[in-house]
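Here are the chains, one letter per residue:
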Amino acid sequence: DVKVTQSSRYLVKRTGEKVFLECVQDMDHENMFWYRQDPGLGLRLIYFSYDVKMKEKGDIPEGYSVSREKKERFSLILESASTNQTSMYLCASSTHVVNYNEQFFGPGTRLTVL
Amino acid sequence: QKEVEQNSGPLSVPEGAIASLNCTYSDRGSQSFFWYRQYSGKSPELIMFIYSNGDKEDGRFTAQLNKASQYVSLLIRDSQPSDSATYLCAVNSYTGRRALTFGSGTRLQVQP
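Heads up: the sequence lines are chains A and B, in that order.
Numbering (our numbering) for the first sequence: 29 to 142.
Numbering (our numbering) for the second sequence: 1333 to 1444.
Quick caveat, the hints were computed from the structure, so don't treat them as lab data.
Among the hints, erroneous ones may be present.
Here are the computed lysine-lysine pairs in the DSS-like style, where the Cα-Cα straight-line distance is at most 27 Å [unchecked claim]:
{"#": "1", "chain 1": "A", "residue 1": "Lys98", "chain 2": "A", "residue 2": "Lys81"}
{"#": "2", "chain 1": "A", "residue 1": "Lys81", "chain 2": "A", "residue 2": "Lys99"}
{"#": "3", "chain 1": "A", "residue 1": "Lys99", "chain 2": "B", "residue 2": "Lys1388"}
{"#": "4", "chain 1": "A", "residue 1": "Lys31", "chain 2": "A", "residue 2": "Lys85"}
{"#": "5", "chain 1": "A", "residue 1": "Lys46", "chain 2": "B", "residue 2": "Lys1374"}
{"#": "6", "chain 1": "A", "residue 1": "Lys31", "chain 2": "A", "residue 2": "Lys83"}
{"#": "7", "chain 1": "A", "residue 1": "Lys31", "chain 2": "A", "residue 2": "Lys98"}
{"#": "8", "chain 1": "A", "residue 1": "Lys83", "chain 2": "B", "residue 2": "Lys1399"}
{"#": "9", "chain 1": "A", "residue 1": "Lys41", "chain 2": "B", "residue 2": "Lys1374"}
{"#": "10", "chain 1": "B", "residue 1": "Lys1374", "chain 2": "A", "residue 2": "Lys85"}
{"#": "11", "chain 1": "B", "residue 1": "Lys1399", "chain 2": "B", "residue 2": "Lys1388"}
{"#": "12", "chain 1": "A", "residue 1": "Lys31", "chain 2": "B", "residue 2": "Lys1399"}
{"#": "13", "chain 1": "A", "residue 1": "Lys85", "chain 2": "A", "residue 2": "Lys98"}
Per label pair, the in silico range of CB-to-CB distance [as the list claims (entries may be wrong)]:
{"#": "14", "chain 1": "A", "residue 1": "Lys41", "chain 2": "B", "residue 2": "Pro1346", "range": "22 to 30 Å"}
{"#": "15", "chain 1": "A", "residue 1": "Thr140", "chain 2": "B", "residue 2": "Leu1343", "range": "29 to 37 Å"}
{"#": "16", "chain 1": "B", "residue 1": "Glu1337", "chain 2": "A", "residue 2": "Ile88", "range": "13 to 21 Å"}
{"#": "17", "chain 1": "A", "residue 1": "Thr33", "chain 2": "B", "residue 2": "Gly1348", "range": "33 to 41 Å"}
Here the structure is a predicted model, which means the values were calculated and not measured.
Where is the CB? At the ideal position from N, CA and C, for every residue including glycine.
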């Protein structure tokens, strides 16, 4: 059974803190993604990676960075958390293979920045 | 214009009826289309995908694709209260980006 796991389901941090969100997949997928989801705004792509040590900016990368040192792990970093980064964060992975590249999502991390 | 558009709803149908969810997309180069279901507070889960024009059936679900008109739809037959959720349409356009583009979702309410 395919599996994407995220390090925390709920996280509360203070403004200015550095925050790490971890995502691990066990499907040997090449592609990994970080989204945030806010009411009325849908899923918005922050960053994605199509190979180890490779990353590309999504639609809203400002205030975020990512790290992919191993194929199975993709980390999202909030360098200095701000209240407008309070959101649900979703990690996903997919294969490269054309027409079989549906994304599988982790359970999500609900982050609150106070 | 948004790349992937869905009516936000809520779409309310009685139990046992057919629910019809629609999605339009702007990129004519789009090649693969996905429907995800998301329960409140949960992450999206894949229901169906479709690549070719026409219908694709899986149990109570049918996905319909019309590339000429740039729309994709999801029909849910014999709707159940457990189908109440937000349904997300996602499109992969192969324009150099490997990420899917998601619509904002349609909230479906199935009334017992």
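Against the structure, the hints come out as follows:
The suggested pairing of Lys98(A) with Lys81(A) holds, with an alpha-carbon distance near 8 Å, which does not exceed 27 Å. Only pairs whose Cα atoms come within 27 Å are accepted, and Lys81(A) paired with Lys99(A) is accepted, the gap being roughly 9 Å. With a CA separation close to 33 Å, the supplied pair Lys99(A) and Lys1388(B) exceeds the 27 Å bound. Between the alpha carbons of Lys31(A) and Lys85(A) the distance comes to roughly 24 Å, so the proposed pair stays at or under 27 Å and holds.
Between the alpha carbons of Lys46(A) and Lys1374(B) the distance comes to roughly 25 Å, so the proposed pair stays at or under 27 Å and holds. Restraint check: the Cα-Cα separation between Lys31(A) and Lys83(A) comes to about 22 Å, which is no more than 27 Å; the hinted pair holds. Among the hinted pairs, Lys31(A) with Lys98(A) is consistent with the structure: their alpha-carbon atoms are about 16 Å apart, no more than 27 Å. Of the supplied pair hints, the one linking Lys83(A) and Lys1399(B) is violated, its CA atoms being roughly 31 Å apart against a limit of 27 Å.
At roughly 21 Å between alpha-carbon atoms, Lys41(A) and Lys1374(B) fall within 27 Å of each other, so this suggested pair holds. For the given pair, Lys1374(B) sits about 25 Å from Lys85(A) by alpha-carbon distance, which is consistent with the 27 Å threshold. For the given pair, Lys1399(B) sits about 14 Å from Lys1388(B) by alpha-carbon distance, which is consistent with the 27 Å threshold. Restraint check for Lys31(A) and Lys1399(B): not satisfied, since their Cα atoms lie roughly 32 Å apart, outside the 27 Å limit.
With a CA separation close to 19 Å, the supplied pair Lys85(A) and Lys98(A) stays within the 27 Å bound. Judged by the Cβ atoms, the range 22 to 30 Å given for Lys41(A) and Pro1346(B) is violated: they are separated by roughly 44 Å. As the Cβ distance of Thr140(A) to Leu1343(B) is approximately 31 Å, the hint placing it in 29 to 37 Å holds. Judged by the Cβ atoms, the range 13 to 21 Å given for Glu1337(B) and Ile88(A) holds: they are separated by roughly 19 Å.
Between Thr33(A) and Gly1348(B) the Cβ separation comes to about 37 Å, which falls inside the hinted range of 33 to 41 Å.
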